[in-house]
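A.B. asks: If you read the protein sequences in the order shown, they are chains D and U.
Residues 1 to 243 (my numbering) make up the first sequence, in order.
Residues 1001 to 1243 (my numbering) make up the second sequence, in order.
Treat the hints as calculated values from the structure; they're not laboratory data.
Errors might be hidden in some of the hints.
Here are the in silico distance ranges between beta carbons for each label pair [stated by the list, open to error]:
no., chain 1, residue 1, chain 2, residue 2, range
1, U, Y1238, D, S28, 47 to 57 angstroms
2, D, D242, U, P1051, 31 to 41 angstroms
3, D, E49, U, P1051, 41 to 51 angstroms
4, D, D242, U, P1239, 49 to 59 angstroms
5, D, S28, U, D1065, 32 to 42 angstroms
6, U, G1038, D, E49, 52 to 62 angstroms
7, U, G1170, D, P51, 48 to 58 angstroms
8, U, E1067, D, T54, 19 to 29 angstroms
9, D, A59, U, D1065, 48 to 58 angstroms
10, U, D1065, D, P158, 45 to 55 angstroms
11, D, R156, U, G1066, 38 to 48 angstroms
12, D, R156, U, S1120, 20 to 30 angstroms
13, D, D242, U, K1200, 39 to 49 angstroms
From chain D, some residues computed to sit far from chain U (all C-beta separations above 10 angstroms) [unchecked claim]:
no., residue
14, W8
15, V141
16, N157
17, K200
A virtual CB, placed ideally from N, CA and C, is assigned to each residue, including glycine.
Protein chains: 2
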Amino acid sequence: MPYQLHYWPTIQGRGEFVRLALEAAGASYVDVARGAEGKDVDAMLQFMESPQLTQPPFAPPFLIDGEVIVGQTAAILLYLGPRLGLVGKSERRRLWTHQIQLTIADLVAEAHDTHHPLGSGAYYEDQKKEAVARAKDFRLVRVPKFLAWFESLLARNPRKTRSSAHLVGGRLSYADLSLFQLVDGLLYAFPRATRRALKKAPLVAALHDSVAQHKRVAAYLASERRIAFNEEGIFRHYPELDG
Amino acid sequence: MPYQLHYWPTIQGRGEFVRLALEAAGASYVDVARGAEGKDVDAMLQFMESPQLTQPPFAPPFLIDGEVIVGQTAAILLYLGPRLGLVGKSERRRLWTHQIQLTIADLVAEAHDTHHPLGSGAYYEDQKKEAVARAKDFRLVRVPKFLAWFESLLARNPRKTRSSAHLVGGRLSYADLSLFQLVDGLLYAFPRATRRALKKAPLVAALHDSVAQHKRVAAYLASERRIAFNEEGIFRHYPELDG
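Working from the sequences, and respecting the hints, build out all of it.
C.D. replies: Here's what the structure looks like:
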């Protein structure tokens, strides 16, 4: 039975980290709220809010695999990783991959806050001045700090080769896919600042490019299944927030 | 060999979620940067930044258990849970407990942002006006939304009894301890708003109280090992941010 992914149908958002893992592994899945099997956003919300669920997800994305329902992006990847061959076999390797994923998730949350520093309750237009201040700290302090950490992981990976590098071990993991997505989002939202920051993180830049060329990922990115970045998602391009 | 916990020595912060798990289980551990074994914050930072680490933590807290180094609060609890008997045995139960933990972590991050909506780069005093706006959204929208979810989990737990409720199954898990800590922090930072919100989440309030009475937790909370809440941590009491 194919995996069922439930996520907002018009944005990449947090669901994209799950989509990328499913796509890179060539897994069979349906993106339910995008109209698969005749369902839509209402069906997703109705499911989420049904009072008989004993383990209701707090928010999309969530994944259904038979009787298993998992929410929280990082937890979904923790579950899918071994099943899709996107994480090592040992507990230590799985834990390390997950730790990286959680750190990626932290920067993703901060990327969201650049355009909504006063909270999601008000429109961007009504918190633009504050967004400019928050985005400056994000671009100048936070992004370089995180990228330097990812760069150090790639540089220190004992399985690094001249032609390719991965965050964990010698093979593609879901953390690589997520780092690709994070960098891709930053390049969309803050193209000038991110290109500048990537000059100091050449291994991160190379990983981003090599993931984009991964056969199944490349096919996905070129397909209609890849929703374009837009100003409803987490990574939004507002030129006034770029450096 | 005792677990080594590395965290800032003067705040509860994210390290507190790990301390609570270790304390509730009666585990043997040293809180390194608090002067255990003659070490301090410098020793923690020096370790973290040593270039020969292939799996360097991004930030405290991190845990050392023999050769294993784990960073990220939720990943530390994922690792410790089974070892401390603070999570169920099946993969599904562990995943569910972890999913709850990640959702708790989301609200913890938002609690931090109430006093630093423009980023950690500037003092609270220099972003007070923005903090007032962000805290209002947090108090009126975010906290009730999250508490309602936790309440629903407690209400729906099939193993709930009349005298006690747990988030997962019929026994104490690290998610219960973390929800205690979240509520405790909210009660410190936003006493008026949180007491109001808890009236609509009586099972959450009861869980908070029952964890505080857990024998080992109560002994810990009364000890000098429990650092008092203060205005350097995540949960800060600024009366102007309360409702």
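A.B. asks: Each of the hints needs a verdict: does it hold here or not?
C.D. replies: So, going through the hints one by one against the coordinates:
no. : hint                                 : in the structure
1   : U:Y1238 / D:S28: 47 to 57 angstroms  : 51 angstroms, holds
2   : D:D242 / U:P1051: 31 to 41 angstroms : 33 angstroms, holds
3   : D:E49 / U:P1051: 41 to 51 angstroms  : 50 angstroms, holds
4   : D:D242 / U:P1239: 49 to 59 angstroms : 37 angstroms, violated
5   : D:S28 / U:D1065: 32 to 42 angstroms  : 38 angstroms, holds
6   : U:G1038 / D:E49: 52 to 62 angstroms  : 54 angstroms, holds
7   : U:G1170 / D:P51: 48 to 58 angstroms  : 21 angstroms, violated
8   : U:E1067 / D:T54: 19 to 29 angstroms  : 38 angstroms, violated
9   : D:A59 / U:D1065: 48 to 58 angstroms  : 33 angstroms, violated
10  : U:D1065 / D:P158: 45 to 55 angstroms : 21 angstroms, violated
11  : D:R156 / U:G1066: 38 to 48 angstroms : 20 angstroms, violated
12  : D:R156 / U:S1120: 20 to 30 angstroms : 26 angstroms, holds
13  : D:D242 / U:K1200: 39 to 49 angstroms : 42 angstroms, holds
14  : W8                                   : 17 angstroms, holds
15  : V141                                 : 6 angstroms, violated
16  : N157                                 : 7 angstroms, violated
17  : K200                                 : 17 angstroms, holds
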